[in-house]
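Here is what each chain is made of, one letter per residue.
Number of protein chains: 2
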Amino acid sequence: MTSPLLEQLIEAFRVLPGVGQKSAQRMAYHVLERERDGGRRLSQALAEAVEKVGHCARCRDFSETEVCATCASPSRGAQLLCIVESPADRLAIEQATGYRGLYFVLQGRLSPLDGIGPSELGLDRLGDRLGEGEVQEMIIATNPTVEGEATAHYLSQLARGHGVKPSRLAHGLPLGGELEYVDRGTLSHAFGSRSEIPQ
Amino acid sequence: MTSPLLEQLIEAFRVLPGVGQKSAQRMAYHVLERERDGGRRLSQALAEAVEKVGHCARCRDFSETEVCATCASPSRGAQLLCIVESPADRLAIEQATGYRGLYFVLQGRLSPLDGIGPSELGLDRLGDRLGEGEVQEMIIATNPTVEGEATAHYLSQLARGHGVKPSRLAHGLPLGGELEYVDRGTLSHAFGSRSEIPQ
Ligand SMILES: [Zn+2]
Ligand SMILES: [Zn+2]
Numbered sequence: 001m002t003s004p005l006l007e008q009l010i011e012a013f014r015v016l017p018g019v020g021q022k023s024a025q026r027m028a029y030h031v032l033e034r035e036r037d038g039g040r041r042l043s044q045a046l047a048e049a050v051e052k053v054g055h056c057a058r059c060r061d062f063s064e065t066e067v068c069a070t071c072a073s074p075s076r077g078a079q080l081l082c083i084v085e086s087p088a089d090r091l092a093i094e095q096a097t098g099y100r101g102l103y104f105v106l107q108g109r110l111s112p113l114d115g116i117g118p119s120e121l122g123l124d125r126l127g128d129r130l131g132e133g134e135v136q137e138m139i140i141a142t143n144p145t146v147e148g149e150a151t152a153h154y155l156s157q158l159a160r161g162h163g164v165k166p167s168r169l170a171h172g173l174p175l176g177g178e179l180e181y182v183d184r185g186t187l188s189h190a191f192g193s194r195s196e197i198p199q
Numbered sequence: 001m002t003s004p005l006l007e008q009l010i011e012a013f014r015v016l017p018g019v020g021q022k023s024a025q026r027m028a029y030h031v032l033e034r035e036r037d038g039g040r041r042l043s044q045a046l047a048e049a050v051e052k053v054g055h056c057a058r059c060r061d062f063s064e065t066e067v068c069a070t071c072a073s074p075s076r077g078a079q080l081l082c083i084v085e086s087p088a089d090r091l092a093i094e095q096a097t098g099y100r101g102l103y104f105v106l107q108g109r110l111s112p113l114d115g116i117g118p119s120e121l122g123l124d125r126l127g128d129r130l131g132e133g134e135v136q137e138m139i140i141a142t143n144p145t146v147e148g149e150a151t152a153h154y155l156s157q158l159a160r161g162h163g164v165k166p167s168r169l170a171h172g173l174p175l176g177g178e179l180e181y182v183d184r185g186t187l188s189h190a191f192g193s194r195s196e197i198p199q
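So the protein sequences, as listed, match chains A and B.
Under our numbering, the very last position in the first sequence is 199; numbers go up by exactly one each time.
Under our numbering, the very last position in the second sequence is 199; numbers go up by exactly one each time.
Calculated from the structure, these hints are not laboratory results.
Hints may contain errors.
[Claimed, not checked] Pair by pair, the computed Cβ-Cβ distance ranges are:
1) B:ARG194 - A:GLY185: 53 to 59 Å
2) A:HIS189 - B:GLY54: 43 to 49 Å
3) B:PRO4 - A:PRO74: 17 to 23 Å
4) A:ARG100 - B:ALA69: 19 to 25 Å
5) B:GLY192 - A:ARG184: 49 to 55 Å
6) A:GLU196 - B:ARG184: 58 to 64 Å
7) B:GLY20 - A:GLU48: 52 to 58 Å
8) A:GLU48 - B:ALA78: 34 to 40 Å
9) B:GLY54 - A:GLY185: 19 to 25 Å
10) A:GLU7 - B:GLU33: 26 to 32 Å
11) A:ARG184 - B:PRO198: 20 to 26 Å
[As the list claims (entries may be wrong)] Derived SDA-like pairs (lysine to any residue); straight-line CA-CA distance at most 25 Å:
12) B:LYS22 - A:ARG100
13) A:LYS22 - B:ARG14
14) B:LYS165 - B:GLU94
[As the list claims (entries may be wrong)] Footprint (simulated), chain A over chain B, 3 or more residues, beta carbon under 8 Å:
15) 1 to 15
16) 47 to 59
17) 119 to 127
No experiment lies behind these values; they were computed from the predicted model shown.
Built from N, CA and C at the ideal position, the CB exists for glycine as well.
Let the sequences and hints guide you as you build the complete structure.
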């Protein structure tokens with residue numbers, strides 16, 4: 001290659017998901033040929049986000065402040081708590097529905113073989129929060145996969161143990177899929193028709 | 001969204017080619033969840049490349065030095081000059097063939113309706129170079145598209161005007177396609193069986 005810095009840039013792009021050698025080349029050429037300003041903005045946004053974005057102490061979602069804007073908002077109801085596996089799932093629900101309660105982001109799902117148990121998902125802290133007495137319904141929105149369902153089962157037991165009603169999204173989600181990629185209409189419908197988990 | 005810096009990062013990723021809202025989200029989450037070091041490296045590589053990578057004064061390809069390593073290399077023969085439309089095309093030929101001559105990168109193709117004429121492609125400078133007398137064969141490797149063919153025609157006239165033999169890659173390239181995406185075997189074969197352009 002004619003430029004070591006270009007080579008380094010192509011290599012660096014490969015850190016992104018789904019980006020192989022060809023895509024990385026295309027990105028590097030595109031930025032250098034047509035988008036130097038955009039490249040500068042991306043460089044700065046990356047540096048800032050990587051240094052400053054941590055996790056909200058209440059919901060575990062990404063936040064650059066101790067408590068995120070959603071958790072701190074007086075207009076969100078604390079009676080409803082929606083549990084999701086990932087920030088992307090939270091965002092999908094927020095964008096697809098009119099939900100005005102709060103969230104809790106597991107940042108994973110129970111997976112004993114991988115050493116991911118309740119404490120890795122912050123469920124001890126979640127238990128404390130349920131013990132505070134404000135939450136009345138726990139909307140369990142884990143993915144409809146085997147591990148997601150096992151996590152949902154654990155969560156519903158945890159909720160009942162604190163006198164909180166557990167509910168889950170309505171059937172209609174495609175089985176084995178990832179919640180993040182469900183179309184808005186289906187997700188909104190499933191969210192609206194959630195049902196209480198029977199004893 | 002819970003984090004303005006995350007929002008800014010997602011927006012910034014959209015400058016990349018083929019990256020829409022969903023992919024940008026996936027990239028941002030991936031970097032923050034699993035690849036902060038990779039994100040730092042990408043940020044630095046972008047900043048450096050955008051500031052320091054310019055164009056080689058001889059071949060017009062990307063280079064952070066006045067003359068690129070290929071043009072400056074004593075082991076490349078100056079009798080052969082291969083003309084390509086873009087840096088990506090040059091890289092594809094370099095990776096697919098055993099070519100040891102030099103290159104000239106048009107950074108485009110003739111397109112009068114878009115105001116891209118010979119001087120926008122550096123063809124005046126190319127003419128000067130042909131006039132120096134070192135180049136004996138000009139290998140024209142423009143894309144097999146209508147504009148690429150028109151550019152090839154112009155180039156072959158320019159070569160003959162300076163007593164340089166014009167040649168083109170062998171047929172076998174898919175018509176209407178982009179050279180950059182041809183598989184290595186086909187490209188290598190076409191490069192090896194290039195033929196002189198008849199009068
Ligand atoms: Zn929060
Ligand atoms: Zn050069």
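Each hint, compared with the structure:
Look at ARG194 (chain B) against GLY185 (chain A): about 55 Å separates their beta carbons, and that is inside 53 to 59 Å. In this structure, HIS189 (chain A) and GLY54 (chain B) break the distance hint of 43 to 49 Å, their C-beta atoms being roughly 54 Å apart. Between PRO4 (chain B) and PRO74 (chain A) the beta carbon distance is about 19 Å. The supplied range of 17 to 23 Å therefore holds. Our hint of 19 to 25 Å for ARG100 (chain A) and ALA69 (chain B) is violated, since their Cβ atoms are close to 60 Å apart.
For GLY192 (chain B) paired with ARG184 (chain A), a C-beta distance near 53 Å keeps the hint of 49 to 55 Å intact. Hint check: GLU196 (chain A) to ARG184 (chain B), Cβ distance near 60 Å, so the stated range 58 to 64 Å holds. Between GLY20 (chain B) and GLU48 (chain A) the beta carbon distance is about 22 Å. The supplied range of 52 to 58 Å is therefore violated. In this structure the supplied range 34 to 40 Å is violated for GLU48 (chain A) paired with ALA78 (chain B), their Cβ-Cβ distance being about 47 Å.
Roughly 49 Å separates the CB atoms of GLY54 (chain B) and GLY185 (chain A), a value that falls outside the hinted 19 to 25 Å. Look at GLU7 (chain A) against GLU33 (chain B): about 27 Å separates their beta carbons, and that is inside 26 to 32 Å. Hint check: ARG184 (chain A) to PRO198 (chain B), Cβ distance near 60 Å, so the stated range 20 to 26 Å is violated. Annotation: proposed proximity of LYS22 (chain B) to ARG100 (chain A) holds, straight-line Cα distance about 23 Å (limit 25 Å).
Annotation: proposed proximity of LYS22 (chain A) to ARG14 (chain B) holds, straight-line Cα distance about 18 Å (limit 25 Å). In summary, the hint linking LYS165 (chain B) to GLU94 (chain B) is supported, as the alpha carbons are separated by about 21 Å, within the 25 Å threshold. Judged by the Cβ-Cβ criterion of 8 Å, the stretch 1 to 15 of chain B is covered by chain A as claimed, because 12 of its residues qualify and three suffice. With a threshold of 8 Å between beta carbons, the proposed coverage of the stretch 47 to 59 of chain B by chain A holds, since 8 of its residues qualify and at least three are required.
Counting residues of the stretch 119 to 127 of chain B whose C-beta sits closer than 8 Å to any C-beta of chain A gives 0, which falls short of three, so the coverage hint is violated.
Against the hints set out earlier in the document, violations occur for numbers 2, 4, 7, 8, 9, 11 and 17.
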